[in-house]
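Visitor: Top to bottom, those sequences are chains Y and F.
Numbering of the first sequence is given in the working numbering, commencing with residue 1 and proceeding in unit increments.
Numbering of the second sequence is given in the working numbering, commencing with residue 399 and proceeding in unit increments.
In short, the hints are calculated from the structure, not lab data.
Check each hint, because a few of them may be wrong.
Which chain F residues face chain Y? A few, computed with CB under 7 angstroms, are given here [unchecked claim]: (1) Glu559; (2) Ala561; (3) Phe689; (4) Cys690; (5) Arg703; (6) Thr828; (7) Gln830.
No experiment lies behind these values; they were computed from the predicted model shown.
Ideal placement from N, C-alpha and C gives every residue a C-beta, glycine not left out.
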Amino acid sequence: MNKDLTQAALKFSPFHNRTSRACRTNSWYRWSGYTVVAEYSTTELEYTATRNGTSVMDLTPMYKYEIKGERAKEFINYFVTRDLSNMDNNTVAYVIWCNEEGKVVDDGTVFCLNQNEFKLCCAVKMQTWLKDSAEGFDIEISDVTDDIAALSVQGPTSCSVLKNYGATDLELLKPFESKDFIIDGYKVLISRTGFTGDLGYELWTNPENAENMWDSLMESGKHLKIRPMGMHALEMVRIEAGFIQTSTDFVSTEHALRPVRMRSPYEIGMGWLVHLNKESYFIGKRALKEEKENGTTERILVGLDIEGDKPAHGAVIYNKKKEDVGIVTAALWSPTLKRNIAIASLMRPYGSKIKEDIFVEIYHPEELEYKKIWATCKIVKRQFYNPERRNLVPAELY
Amino acid sequence: MTKNYDVIIIGGGHNALVCANILAKKNKKVLICEARDTCGGLATNDLSNFTPDFCSKVKSEIDNIAINHSSVSSIALSETGHHLKLTGKEAEDRKTLEQLAPEDVERYFKLQKKLSLFSKTLGSFMHSSPPRLLHKNFSDYFKLFKLGLNVRLMGRNNFNEFARMIGLNIADELEDNFKNTLLQGLISHDAVTGSNLGPRSPGSLINLLFRMANHNNSLFGGIQQAKGGVNAVIKSLEDNVIKRGVEIKTSSFVKRCIIENDHVKGIELDDGTVIHADTVISSADPKSTYFCLLGAEHLDTDFKRRVKHHRSKGRVSKLQLTLNKVPEFKNLESTELSQRLVISPSIDYIEENFNYSKFENLSPEPILEFSIPSLEDDSLCQDGQHIMNIQIQYAPFNVKGGWENKKTECIDNVLAILEKYAPGIKSCITGQDFISPNDIEKNFNVTGGHWHHGEIQIDQLFMLRPIPGAAQYKTPVNGLYMCGAGTHPGGGMTGIPGKNAAHEVLKNI
Chain Y
1 MNKDLTQAAL KFSPFHNRTS RACRTNSWYR WSGYTVVAEY STTELEYTAT
51 RNGTSVMDLT PMYKYEIKGE RAKEFINYFV TRDLSNMDNN TVAYVIWCNE
101 EGKVVDDGTV FCLNQNEFKL CCAVKMQTWL KDSAEGFDIE ISDVTDDIAA
151 LSVQGPTSCS VLKNYGATDL ELLKPFESKD FIIDGYKVLI SRTGFTGDLG
201 YELWTNPENA ENMWDSLMES GKHLKIRPMG MHALEMVRIE AGFIQTSTDF
251 VSTEHALRPV RMRSPYEIGM GWLVHLNKES YFIGKRALKE EKENGTTERI
301 LVGLDIEGDK PAHGAVIYNK KKEDVGIVTA ALWSPTLKRN IAIASLMRPY
351 GSKIKEDIFV EIYHPEELEY KKIWATCKIV KRQFYNPERR NLVPAELY
Chain F
399 MTKNYDVIII GGGHNALVCA NILAKKNKKV LICEARDTCG GLATNDLSNF
449 TPDFCSKVKS EIDNIAINHS SVSSIALSET GHHLKLTGKE AEDRKTLEQL
499 APEDVERYFK LQKKLSLFSK TLGSFMHSSP PRLLHKNFSD YFKLFKLGLN
549 VRLMGRNNFN EFARMIGLNI ADELEDNFKN TLLQGLISHD AVTGSNLGPR
599 SPGSLINLLF RMANHNNSLF GGIQQAKGGV NAVIKSLEDN VIKRGVEIKT
649 SSFVKRCIIE NDHVKGIELD DGTVIHADTV ISSADPKSTY FCLLGAEHLD
699 TDFKRRVKHH RSKGRVSKLQ LTLNKVPEFK NLESTELSQR LVISPSIDYI
749 EENFNYSKFE NLSPEPILEF SIPSLEDDSL CQDGQHIMNI QIQYAPFNVK
799 GGWENKKTEC IDNVLAILEK YAPGIKSCIT GQDFISPNDI EKNFNVTGGH
849 WHHGEIQIDQ LFMLRPIPGA AQYKTPVNGL YMCGAGTHPG GGMTGIPGKN
899 AAHEVLKNI
């Protein structure tokens, strides 16, 4: 047989023995060179676990970089637009970073392990960009994607699950904080972070502990409605939470073939992460300052509340059913909110100043025929779902 | 608290001095900080044999330089003794060529005329800041349009020729035109000298045009020997700026620029002294300016990539010999030894040399350009002894085995070649001083040790010089400018970068 066919082209995550056994649909998803589960049993059940119990998702394929050195903090602060000069040990920050034109390269999370050691997690391969950015900083950057096994444990009962698992006093951990634990004799870093908009945690450990960790978690959550979650359900919860996704809601500068497809932070609702008054320089600062001062931002990313119940996947947005003013980047009928929601990119002033008379043209498939629906919509905050428990300290226990 | 200056210039090369002169004339209080104990930088007798005379456009803006220049001829040496001497004066050159290369005479003058027109056309663009296209400024577009128009106005035939030749290699053009290999070798030598190109490398012709633009648009005219050498020119420039009230601090190595809120606020010297000024002009090379003086933390990633990729590795070494008597060259008058002598007998000879340097080796038979300037100018004698300045083309920045081990080999190769043309020369030598591109980097603080602070090639010229996004003598940081050979139009002791930079600075302060 052809040798190429006998060898796997995609990498297996350290959880593969467990996830593949749990995956009853044999439905897989390609993520950064790994194969991960798209759907274990039914997407709706997995979604419901996140909102009503606890879901466990394999996060290993997320690109992870370790940044070490005496100037590591200075570098991170130069690398991202957000002011991290006061970042404390054992905290996490959501960040974006830009190129010299002030267009977004990617978004991700920075973990401050100590003042000379940071970890960056992101969706796009960043080794070259990081290395070239670090020119002149004398720091060490290494790709540790394959060296860390990561799980996302999310949902209202997640804190209780993790306490059963062995994370003592976890309920006291604040959002965007992290803490080291020794559980069953191995080290686990637990951070109160996630991509679901709910109470939730992310667990980071050495790959050799992966299977033990998975088994212990499933055991700990036996009576707390625990369930592994695939990528399809993740897409549902992240839209409800209003989180943006690289390559879906915007294109990374590293991937955009046409310069006009690159987006500034102000165009994808990330303006709040751009700290122009940061004392030191950061990549793209000059360009972003100019954009802000001259008001040359062209687009805006908004949340849409659409009439009806037909999700507006890829729909075109019109002003008064005439002028084409934007496109839906992600859409969902939200089972929790019972609302037809979407994230959309609009040409300003639509979405910023003009918020009336916006229509979505939805093509809804009905047994080999498309039904065209003109739906009115309201421009709303992108964060559709934001339960109080998400940020409560101490976290809710069950 | 230190005194405040309007402008601080980092480095005291000739461009810095020209720049300071123009600024001081406009009543700006200027301080020059030079790391070495003398001004001049790479413009020193130790490195440069000849200078082009500053063109009238530079001269008219600075104080008079009280130096006598004499024109220098170029002599291509031949092992057979049939040396080819070209002066740049048509009548004389015609006579010489009719004797040595009768078939090439007409074509030579035709080529000279054509190249002269091209260099003049491109040269007209050298005296103002290059346009910055991304800024969508009307006058910038106009400038580019004007260049295009000038090129087009040369006439249809010339325009077509220009388009054909601009990316061409010099070897193709010369082989199409000339039979005489010595003539081919001499012109090719001037096309590749100081560069990282061989005669068969595309783009070597533009290097020749650049050289011609700095030498009265002539192939061999416009090469000058100043009385007292390059040092005297520098001394005169220095005296003039001091008279204008410019302060010069020598032995003052600038460690870094002080930046606050994206605006330069002054400089810090090696010894920790801080001097304030709202305008700082760096005459250092682009890599030193950006990575050492400014600091990577003030630059965008894409910008740093461009700086890093800036080609600036030198390929010319220098050997200075002290001679107790004038050596005898076959078929050469001793008076002719003060002229520009070139050992580069054919295109293939150069290309072979280039191949050695390409793979970081030394050529056993190097290309030499040399002269004994002290024959004409007593002031250049050292203790009654003559000095011979030799420039070795294609002795690269990186050499396999390292320069510390290869220096002797390089000198031996040079002397072996010289011995062929001047038997017995070795016995006249009483002293020698060798400077590799590596030494230039270390001793003169020029990254890569390149004469022009960066290759003169189409992707590093005009608005692309030193790098895209930093034309017009500006840097991304407010108040920090550049005026060295790394900026438009480039090196070659013309003073034009310094002059243009001064005007750009005056526009903004």
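Visitor: For every hint, state whether the structure bears it out.
Guide: So, going through the hints one by one against the coordinates:
1. Glu559: violated, 36 angstroms
2. Ala561: violated, 29 angstroms
3. Phe689: holds, 6 angstroms
4. Cys690: violated, 9 angstroms
5. Arg703: Hint on Arg703/F: holds, closest Cβ of chain Y at ~5 angstroms, below 7 angstroms.
6. Thr828: violated, 46 angstroms
7. Gln830: violated, 38 angstroms
The structure fails hints 1, 2, 4, 6, 7 (numbered hints given earlier, in ascending order).
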